[in-house]
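Chemist: Got chain A sorted already, so can you dock chain B onto it with the hints?
So the sequence lines, in the order shown, correspond to chains A and B. If you count by the working numbering, then the first sequence holds residues 16 to 187, one letter each, in order. If you count by the working numbering, then the second sequence holds residues 723 to 843, one letter each, in order.
A few of these clues could be false.
[Unchecked claim] Straight-line C-alpha distance at most 25 Å; calculated BS3-like pairs for lysine-lysine:
no., chain 1, residue 1, chain 2, residue 2
1, A, K109, A, K17
2, B, K784, A, K41
3, A, K118, B, K841
4, B, K754, A, K169
5, A, K19, B, K836
6, A, K122, A, K137
7, B, K784, A, K165
8, A, K19, B, K841
9, A, K17, B, K754
10, A, K77, A, K184
11, B, K841, A, K168
12, B, K754, B, K727
13, A, K118, B, K783
14, B, K801, A, K165
15, A, K168, B, K799
16, A, K17, B, K841
Simulated from the structure, these hints should not be mistaken for lab results.
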Amino acid sequence: MKNKLILYSMILIFLVIFAVFYKSLKDTNIYTPKAKINNDIPIFSADLLLLRENLTSTEIFKMNEFYLLNIWASWCAPCRDEHPILMSLSKNNKLNIIGMNYKDNKKNAKSFLDELGNPYEKIIVDKNGTNSIEWGAFGVPETFIIYNNKVIKKYIGPLNQELLVEIQKITK
Amino acid sequence: MKIFKAFIIIFFLLFFNNLYANENSQRNEITKNLRCLICQGQSVYDSDSDFANSMKILVDKKLDQGLSEKEIYIYFKEKYGDWILYDPGLNKNTYLLWLLPILIFVFGGAIIFKRSIFKNN
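Next up, chain A with everything else stripped away, as it sits in the complex (with noise of 0.2 Å):
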């Protein structure tokens, strides 16, 4: 009877093992922080890159209109391969199409919009990081869809053509 009951317990703290390592062969380690969206804009105040100004946030997003953000900075590669898509966003007025420049260099910065367009209606400038760390971003390129000051959407990477649709969809 006693060794039959440990016999079994065995079994069942294998296969409790089995089980627990078996689910974890297929997770990723890599985390990404779920996008937390209905959240509110962090209020800051900022550097605008093309024009000498300090904007704060309520003087940037007002309410009852559509807001990208959109992190970049001309050193980030899949930046480059998004910028198409933020140039036929800048198409559609309904959407306020800000970007906030990550990390920098400012001369380097306007050559990439002289080289590929400035889909941007004001850029802010984050020099050290903090700002996009505010907005609960953690690299580059992150878009954040806002409304009435509450972050409704969030991409982490670049954003694509299905994404375009789907940014052109929320906004009508």
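Modeler: Chain B in isolation, oriented as in the chain A frame:
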């Protein structure tokens, strides 16, 4: 002269022993408990990536604003989730992690207790 030299040595020992090489100990304490999301497996304190450096600046900024250590953890947890902390709090995802050692301890204790009673009998 000897007395004078000894005096100088004692003077230096006494008055400069409170100079720390490490001025931002609280910041280091906090960043050691924050996980770097770019270089996973390293803490923000250990890492020198762009993201980690920005995090350090932000922690400094928050400390200057008068936030406590706990408030800073809550702040980062809200932005990035529990994963950012090396020492996660008790919630529905981590209760097993927290309670398992206690359970094992109690079970083990019970077994030892039972055996010792058997032995005595």
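Chemist: Are any of the numbered hints broken by this structure? If so, which, sorted upward?
Modeler: 1, 2, 3, 4, 9, 11, 12
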